[in-house]
Structure formats: C-alpha cells, structure tokens
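Same order as they appear, the protein sequences are chains A and B. Once you know that position 153 of the first sequence is 153 in our numbering, the rest is easy, because the numbers rise by one and skip nothing. Each number in our numbering comes from the position in the second sequence (counting from 1) with 1000 added on.
Incorrect hints may have been included.
[What the hints assert, rightly or not] These stretches of chain B come out as covered by chain A in the derived footprint (C-beta under 8 Å, 3 or more residues):
hint, segment
1, 1044 to 1051
2, 1206 to 1215
3, 1323 to 1329
4, 1345 to 1352
5, 1377 to 1389
None of these hints come from the bench; they were simulated from the model. Just so it is clear, CB atoms sit at the ideal spot from N, CA and C, and this is done for glycine as well.
Protein chains: 2
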Amino acid sequence: MSDKPTPLSGFPELLPEHRAVERAVIASLSRTFELHGFANIETRAVEPLERLSKGGEVDKEIYVLRRLQAEDSAGDSGLALHFDLTVPFARYVLEHAGKLEFPFRRFQIQPAWRGERPQEGRYRQFTQADIDIVGRDTLGFHHDVEVVRVMAEALAALPLPGLSIQVNNRKLIQGFYRGLGIPDVTAAIRQIDKLDKQEPDAVVALLVSEARASEEQARRCVEMATLRTDDTAHLRAYVEGLGVEDDLLATGLDELAAVVDGCAGVAGERVRVEANLRIARGLDYYTGTVLEIFLDGYERLKSIGGGGRYDALASDGRTTYPGVGVSFGVSRTVVPLLADGALAAGRKVPSLVLVALADEESRPASDAVARALRARGIATEVAASPQRFGKQIRYAERRDIPYVWFPGADGGDHQVKDIRSGDQSAANPHRWTPAEETQK
Amino acid sequence: MSDKPTPLSGFPELLPEHRAVERAVIASLSRTFELHGFANIETRAVEPLERLSKGGEVDKEIYVLRRLQAEDSAGDSGLALHFDLTVPFARYVLEHAGKLEFPFRRFQIQPAWRGERPQEGRYRQFTQADIDIVGRDTLGFHHDVEVVRVMAEALAALPLPGLSIQVNNRKLIQGFYRGLGIPDVTAAIRQIDKLDKQEPDAVVALLVSEARASEEQARRCVEMATLRTDDTAHLRAYVEGLGVEDDLLATGLDELAAVVDGCAGVAGERVRVEANLRIARGLDYYTGTVLEIFLDGYERLKSIGGGGRYDALASDGRTTYPGVGVSFGVSRTVVPLLADGALAAGRKVPSLVLVALADEESRPASDAVARALRARGIATEVAASPQRFGKQIRYAERRDIPYVWFPGADGGDHQVKDIRSGDQSAANPHRWTPAEETQK
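In isolation and in its complexed conformation, chain A is listed as follows (with noise of 0.2 Å):
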C-alpha cells in the first residue's frame, strides 16, 4: 500500500491516548451495571434486513451487505448493520429466550452504523451503551425508576460536565391529549417532539393541522409542554392545575413523579433527574417513561442518550416481553468533548516504566528488570535501542511514560528517575513501586 489515505467522514478513529479515555468510559460504565447485576452480551452486528426495515423510520440509513463476487447476480446476502442495539436484542431475547431469566437485566456497548449525512455528534459508526430490564409478559413499574437511577449513576461517574436526564411519561402526554378532546393523539405526539427545533408557534400549527386539534386544544397542548422541574410537588401542582380529568393522565403523573423522586440525590449534583414535559420521543414503540439525556454547554449536540419504557419490546406471537431501557451514545459524547479538550487525552501507552538499555548485549539484563517489575503488575517496556541515555529519557516524555529504569552494570544498584520531578534514587526491581497518582 502505497498511497496515504485520508479519513472517512463520519467514521471516527481516536489516537491512542484519545482511545484510552473511550476504554476507561466504557470500563466505568460497565462496572456500574455490573454492580447493579447486569449481565453482559454482544449481538452479532447485522440482521436479516427485513428484521431491520419493520420500523420503517430509518430505511434510508441502513447499510445493506453485498458479498462481493457472490454467485447471484445481485449479490445481496440478506443482511444489513444493525442500526442501534434494540432491534438486536429484541431478537436475542425472543431466539434465546428459553435459556434466560426473566426479569432479564443485560448491558451492550457495540457499535452500530447508519449511512445518514455526518455531523458533529453524529456518525456512521457509533458506540451505545444500552442498558434494559425486559420481563416476560410482565414487568414491574419500580423497574423504570430501576434504569434510570443506574444510568444517572454510571453517567456520574465519569468525567463529563454537568448532564440532566429529561424524563416524561407517555401516558401522561396520552392521557391529557385524550381528556382535551384531541383527534389524533399519535399524531399530536409526533408534533409536539418538534418543540426542540421549532418555535411554539409554528408546533401550534402543525398540531392543528397534523392532529386535528383546535387552536385552543394545540394552544394548551404547547402549555403544558413548557414545565421542566425536578420538584415533584410542582409538576403534581402544574398539571392538575391544567384541569384536564383523566386516568391514564392521572397514572402517568404518578409513575412520572415516581422516576424523579426515586433518583433524588442517587447521582451527585452533576446528574440531575427531572421531569420535562416536553420530551416526547416520536417513535410509536414507547408506552410509559421515556426519557433524554443532555449535556450542559453541548445543547448543539441534542440528545446524547434516551430510552423508556415498550409494553411489547419483543413478541413471538404467544408471548410478550415487555422492557424498560436507557441509551447512552458514546461515541457521540466522547468524540466531541476529546475534540474540544473537556475531556483530558489519557497517556499514549499504558507503560508506567521504560527500561533503560545501555547496549544490545545487555538487554537480557533490562529483559529480567521488566519481568520482574511486570510480575507486580506495572507495566513496563524496554527501550527499543541502546542510544545514548538522554534520547532514552526523550523516548519516554513523548510517549508519557513517567519513569525510566537503569539497571545497575556488573551487579551494582539499580536507579529509577521520575522524568516529571528529575529525581532519581536507588530501587530494587524486586520491590520498588510507583507513587500511587500514576497507577491506575
């Protein structure tokens, strides 16, 4: 290969040091779900496309896969990249579902593809880190509360800004546009999901016109909409005060309320949970919570993660799997903020200490030093060639690594020099260890 290749848009890559802080979020995330006994698994990437297309939505995304010289003329194999990590695990769920527990608590980081225009924050290839609790035909509604409280936890601890997990309910959107008189309810939630990108007016007249509403009706619709709080009393207070009698508008406001105040104070200051009832989410397949995440100052972004509740993830036919669940887009929060420097590069490579090498007959002897310093756990490297002492000491400031080992000649004392501070003194390779702030 002999030409340079210039990236793919929309597809990508991180530098080491860029890498290990998307490993470590991935880490971080993973323990906290696991502590919260969610088990692990990955779906192969692609599906039968048919699998793929029922939702109709996002036809025009998907990347279909060609075997190329296949022996068909057209060559397609019935297979397409997964577009998210639901669609997959529906289908986990109903091929494996007689060798799993139910409630069944898993968590997936894959990536998953989509052929749309590239964008900040939005990519061809992107890692999710998908967490849900699927029951067979029942489910418990403290489940909800459940996925929420582990996502705001997991999101906690990592190193993002502030973030605010937006949490509505669609029996509570359901209910009231039922109690209002609304023609069309599905339509009017499809509308009043644009109120991120459009102005009340203009969703005012989309509801009218898409859903059949009244003006007055769209007007109301648009009311109750604006309220974000995290002060349950409030949002029970606001929209009884709206004056729309209805049961499912009732049921809704309490699981609503339930959400919120069950995640009060789990996460810190950074994550706050709260009620916003705005958040619609347009896809049909949500019946209960559903929720959004933001990141504070990265607005421009949308959403980086979402989720609810889907009476009917999955269903063969006798049974249904109903699921609650929580999206988090790695790849979409990592990537921008790695750009931007909020989050800090990690160090290029994982060693903590490099060998030194005084020349090519003395490399066993720098070999054992880093078996033995490798035997406790700290990874070491041994420089590639015995230059002179100063460009070793280079070679390890560029790649970040804070102590360079010299083996003592003929028997005599090792040294060890932190390259950060300049100091150096004797070690033993059998037990000296490194100050505590550069292990991790």
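Using the hints, position chain B against chain A.
Leaving out everything else, chain B in the frame of chain A:
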C-alpha cells in the same frame, strides 16, 4: 416483531454465562498486552473496498456495504467490512503516522467479517486479538522475540488446554530453496504450506509441477519441513546436516533459534514455543519470522492464530513501516471450547447478592441494603417481586447468585444466606464481605 427468529449460520452469539467467559478472556489478554506497554486502538469496521481488495487472495470473502434506497442506482458506498485487523492497522499507521511514536506497540481486539462458508471455528463474524510492533524505516529483530513472548505469556494466562506456538523463518526457507537451486522459490513456499492438508508425496509432485523443482530437490524440501523441535542445538545440527550453504539460510536459522531460545520457559508448561520447519504461511508479505498457533486436542480447528514479520507492513511511497505481530482467534478458540465444555460457563449474572423483598412497601429498605453493598463494590440486585422467600431463593439459584440477603424488619438483625452451603448468619450491610472465592 411477532416471529421467532432462527440463528444465522456463521454468526455465533453467546448466552450471558458464555459471554462472561469471552469477556474474561479479552480482559486477561488486554491486561497482559498492557503490562508489556501495548496501547489499545480500535479501527472503524469499514475500509474503502480498493484497499481491502489489493491483496487479491480474499476477494470473494468481502462484504461490501450498500446504502438501502441510496440516491444513485447502484447504491454502493465504496466501503466494505474489514476481513482482518492487519489491513486496517496498516492504514491507521499511514493515516496517523505523524501523531504516533515509533516503534509503535498496539493491541486491537475487534470483530472482523468474511463471507466464507461457515464451519466449526470459522465464522462470518469473529473476534480477533492482535498485537503488532511497527517501526519507521527500521525495526530491530529483538521485537520478533518480544511479540512471540508477549503472546505466549498472554495465552498462558488463559484457562486453555496446552498449546504450541510453532515458529519458522522465511529467510531460512528461501535461503534453503535458493541454495538448493529451486527455480521458483515463491511458488515452492506456497506448495510446502500444503503439508498440513496433503501427503508428502503429493506435495513433492506439486513442487515439481508448480515450482519447477527436480524430484530430488522436492524431496529435500519436504525432508527439511518435517523437523519440529524446541531444542535449538538439534535444530541447528539438523539444518546444517542437510548440507545446503546459503547466507540467507544462515541468517534465518539464527533468527529462528533466537525466537525459540528467547521464549524458553517464559510461559510455563502449557504454552510451548517450538521450531516447526513446515510452517510457511502462504501469504506473500512475510519476510522473516512466521508462526502459527495450535491448540492441543483441537487440531481439527487448524491454527487458532498466527503472524510474523513483514518488512513493509505499510508504505506511503517515502517512508516504509516494517512490522511484526501475532494474531489470536478469540472466537475461533472460545466458541468451540465453550460448546464442548472445555471452557466452563461463567455465572449468568454478575450479582453476588440478591436482596430479598418482604413486600412491595419495603422496597426502599431492600434498595438501601443494595446501595450499601454496592458502595463497597459488591454487585447486588433486589428481588423483582415480593414472592415467598423460598421462591426468591430459587430465583437466585437459577441465576447463580450465591447469597440471598434478608433485611431486618423494624430495625432487627439482617441475615445473609449462602445458598450453596445453606449457612445463614447475621450481617451488617456496611461491613459484610462475601467469602473470597466468589469475588472476582
């Protein structure tokens, strides 16, 4: 989705208790690689098709991406899924060379895709773990020893049966063939590589017909290829005893002996590094060390890994990047060994404790116990519903959760039960710690 999905041939998926084993394997490999200073990178799943199809040999196995309902009639994106991690890594090195430090040590653990016919150990999607060291312009031979040693250590840390890393050297083969006077050395290497599948006499015939060797030359090539030993004194005596003089042969013999001697004893009894003069690896780009990895008792899987030295992993026309690396087939090894029980399944969930639930009203009390345990790193879940305690214990049993916690009612003592032994005792959620063998 109301239909019951069927598995896709060649796309193995693991149940949670099996995925736990695969994850532990990946974590262990990563730990060893990092101890040796290898930095992790992840490349995108796709490459421009023309970059993947340069090699020529694997054209038929490539999955090309087409955007469903793209505007242009063909819809081809010009992109295809990578079929290994070497081609993307070579491209990554070229693309980011200005921002990398050389020699650059990296490890990469990702899936790759091939459209080939599935069979045991050969999948259409499979995860590989690769380590490589890449230099700019030059790369010392000692790195050949290093990568083999690191992979030997990494494999020795896995719960696998015994295995052998079988090493040879292209210079030794080429030098021997040249010294013998074989007209087409490259063709001869391709034929000798077939000794794993064909009888010696058939390979002799192929060497005569394809590499224009004489019958006598062909027999000596096959004779050389029969040696397999970890005794480098024997190796030297055997090769020198074949009576062929050639500088390249002498260099190759020195290098091969250095790799085998350099790995002696580093990885214990279970991982053997030995010379096998039959190993050739048909692909053209190897220029020195070549190796394949075989699992004892699983010869039917063929090699579970391989690698070697390539003096031009990548080149941008001005600069050449030599490399040496080893690839280990994670899926190829883990999936068959899990299937036949040679690798024991892990636990179905990460939880060590199930907190029982007396009634729905006491969920906050059970949640508080779970929070206290998690705060000390103990993975915990709360029972999904307040069934009879006998049912809750069976719920834990079915998930392989070893402990069930009974919160004390009205300030009374908490009790924790080890459901494997049946032992039950009073415990404080802020101090209790599970027995050591259940912690990981």
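Taking the hints in turn, this is what the structure says about them:
no.	hint	verdict
1	1044 to 1051	holds (count 6)
2	1206 to 1215	violated (count 0)
3	1323 to 1329	violated (count 0)
4	1345 to 1352	holds (count 4)
5	1377 to 1389	holds (count 7)
Hints 2, 3, counting from the list given before, are not met by this structure.
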